[in-house]
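Participant: We have chain A already, so just place chain B on it with the hints.
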Amino acid sequence: MEANHIHRALFGHDAPEEVQRQYASALEAPPLADWPRVNLDRLIERGADLEALELAVRRSRRRNALTQRFQVLCYLAEVRPDNFERFVNERCRRPAGWLILGLHLLRSLYKLGKGRWLMRVHDIR
Amino acid sequence: MTSAEIIIVGAGPSGTFAAYQLRGRGPLVLDVGYRAQESALDGNFYELRKTSSAGGPDLFAELIGPGFESLHNVFHASLGPRLKGPRMRFVTRGAAELSPVVAQNFDALMSFAAGGMANAWGAGLYRFTADDLAGWSETIAYEVLTSIGKRVPRVYVERFDG
Numbered sequence: 001m002e003a004n005h006i007h008r009a010l011f012g013h014d015a016p017e018e019v020q021r022q023y024a025s026a027l028e029a030p031p032l033a034d035w036p037r038v039n040l041d042r043l044i045e046r047g048a049d050l051e052a053l054e055l056a057v058r059r060s061r062r063r064n065a066l067t068q069r070f071q072v073l074c075y076l077a078e079v080r081p082d083n084f085e086r087f088v089n090e091r092c093r094r095p096a097g098w099l100i101l102g103l104h105l106l107r108s109l110y111k112l113g114k115g116r117w118l119m120r121v122h123d124i125r
Numbered sequence: 001m002t003s004a005e006i007i008i009v010g011a012g013p014s015g016t017f018a019a020y021q022l023r024g025r026g027p028l029v030l031d032v033g034y035r036a037q038e039s040a041l042d043g044n045f046y047e048l049r050k051t052s053s054a055g056g057p058d059l060f061a062e063l064i065g066p067g068f069e070s071l072h073n074v075f076h077a078s079l080g081p082r083l084k085g086p087r088m089r090f091v092t093r094g095a096a097e098l099s100p101v102v103a104q105n106f107d108a109l110m111s112f113a114a115g116g117m118a119n120a121w122g123a124g125l126y127r128f129t130a131d132d133l134a135g136w137s138e139t140i141a142y143e144v145l146t147s148i149g150k151r152v153p154r155v156y157v158e159r160f161d162g
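One line per chain: the protein sequences are A and B, in this order. Counting from 1, position 77 in the first sequence corresponds to residue 77 in this note's numbering; the numbering is continuous, with no gaps. Counting from 1, position 73 in the second sequence corresponds to residue 73 in this note's numbering; the numbering is continuous, with no gaps.
What the hints contain is simulated information worked out from the structure, not anything from laboratory work. Quantities reported herein were computed from a predicted structural model and do not represent experimental measurements. Certain hints may be false.
Pairs of lysine to any residue residues, derived as SDA-like cross-links and limited to a Cα-Cα distance of at most 25 Å, are as follows [claimed, not checked]:
{"hint": "1", "chain 1": "B", "residue 1": "K84", "chain 2": "A", "residue 2": "A65"}
{"hint": "2", "chain 1": "B", "residue 1": "K50", "chain 2": "B", "residue 2": "G33"}
{"hint": "3", "chain 1": "A", "residue 1": "K111", "chain 2": "A", "residue 2": "R37"}
{"hint": "4", "chain 1": "A", "residue 1": "K111", "chain 2": "A", "residue 2": "A65"}
{"hint": "5", "chain 1": "B", "residue 1": "K84", "chain 2": "A", "residue 2": "S25"}
{"hint": "6", "chain 1": "A", "residue 1": "K111", "chain 2": "A", "residue 2": "A96"}
{"hint": "7", "chain 1": "A", "residue 1": "K111", "chain 2": "A", "residue 2": "I124"}
{"hint": "8", "chain 1": "B", "residue 1": "K50", "chain 2": "A", "residue 2": "V88"}
{"hint": "9", "chain 1": "B", "residue 1": "K50", "chain 2": "A", "residue 2": "E85"}
{"hint": "10", "chain 1": "B", "residue 1": "K84", "chain 2": "A", "residue 2": "D41"}
In isolation and in its complexed conformation, chain A is listed as follows (with noise of 0.2 Å):
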């Protein structure tokens, strides 16, 4: 649940089942941060932005738990060649590329008052 809500959140669907299990055992032995100590199952219920609330948290401190979890999902989904294009871009086309970062800049400017708006809803300090 925890992988497809990432994944959804990065990529805009569900997590394969490969990468469901690779993020699960990804998770398994290493030591996590030891902050924010949320319930994350309990946000992902309640259907919580989790990309919004990561932005703040790691606007806050920098090494954290939600963000490893974020980036162990990013890495995984990477190798994968479906989803090379997200990572790699091999056309030339710099009008698109500055309205994108534009509107991305827009976007993590949203997501982090939203973010910070989680951070206290849900006690996150």
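Facilitator: Below, chain B alone, put in the same frame as chain A:
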């Protein structure tokens, strides 16, 4: 038992050149000597990343590693991007046990690769294919590059008996 008047620890560039300078006195060069695994992939890596699919080359093993080696920096102190990859993790394998260093204000980084860190860089790179070097044949011939690649690791671990 081997005895030697001069013992040089580490067969990296410094150790190798020290041994070279001392040739004739029979220096003994000691090196832990881990070696990189040969890549199972064949062909242009960039193309493989685009086209690999089920039944194709195992990019997970190459890029993430069976023990999730590439995720090292997510959970532990940072290693350089080259060293954290699955094919390069052998360089620092067992560092805490083989040569423990406890420090407050720096991270000790050491190489246990045969030929030192410099040789490890070469071992961790994907070799150019003949297609990659097409058109460069007057400057870099594929056959020459391949023959150098085969010779270098052997040169580094030779004993300098003068």
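Participant: Against this structure, judge whether each hint is valid.
Facilitator: Now the hints, each set against the structure:
For the proposed pair B/K84 and A/A65, the alpha carbon gap of about 20 Å is at most 25 Å, so the pair holds. Between B/K50 and B/G33 the CA atoms are separated by roughly 35 Å; this puts the pair beyond 25 Å, and the hint is violated. The straight-line distance between the Cα atoms of A/K111 and A/R37 is roughly 21 Å, inside the 25 Å bound, and the hint therefore holds. As the CA atoms of A/K111 and A/A65 are separated by approximately 19 Å, the hinted pair is consistent with the 25 Å bound.
For the proposed pair B/K84 and A/S25, the alpha carbon gap of about 18 Å is at most 25 Å, so the pair holds. Annotation: proposed proximity of A/K111 to A/A96 holds, straight-line Cα distance about 22 Å (limit 25 Å). Of the supplied pair hints, the one linking A/K111 and A/I124 holds, its CA atoms being roughly 16 Å apart against a limit of 25 Å. Under the criterion of a C-alpha separation no larger than 25 Å, the hint pairing B/K50 with A/V88 is consistent with the structure, at around 10 Å.
The hinted pair formed by B/K50 and A/E85 meets the criterion: a straight-line CA distance of about 8 Å does not exceed 25 Å. Restraint check: the Cα-Cα separation between B/K84 and A/D41 comes to about 31 Å, which exceeds 25 Å; the hinted pair is violated.
Checked against the numbered hints given earlier, this structure breaks hints 2 and 10; the rest are met.
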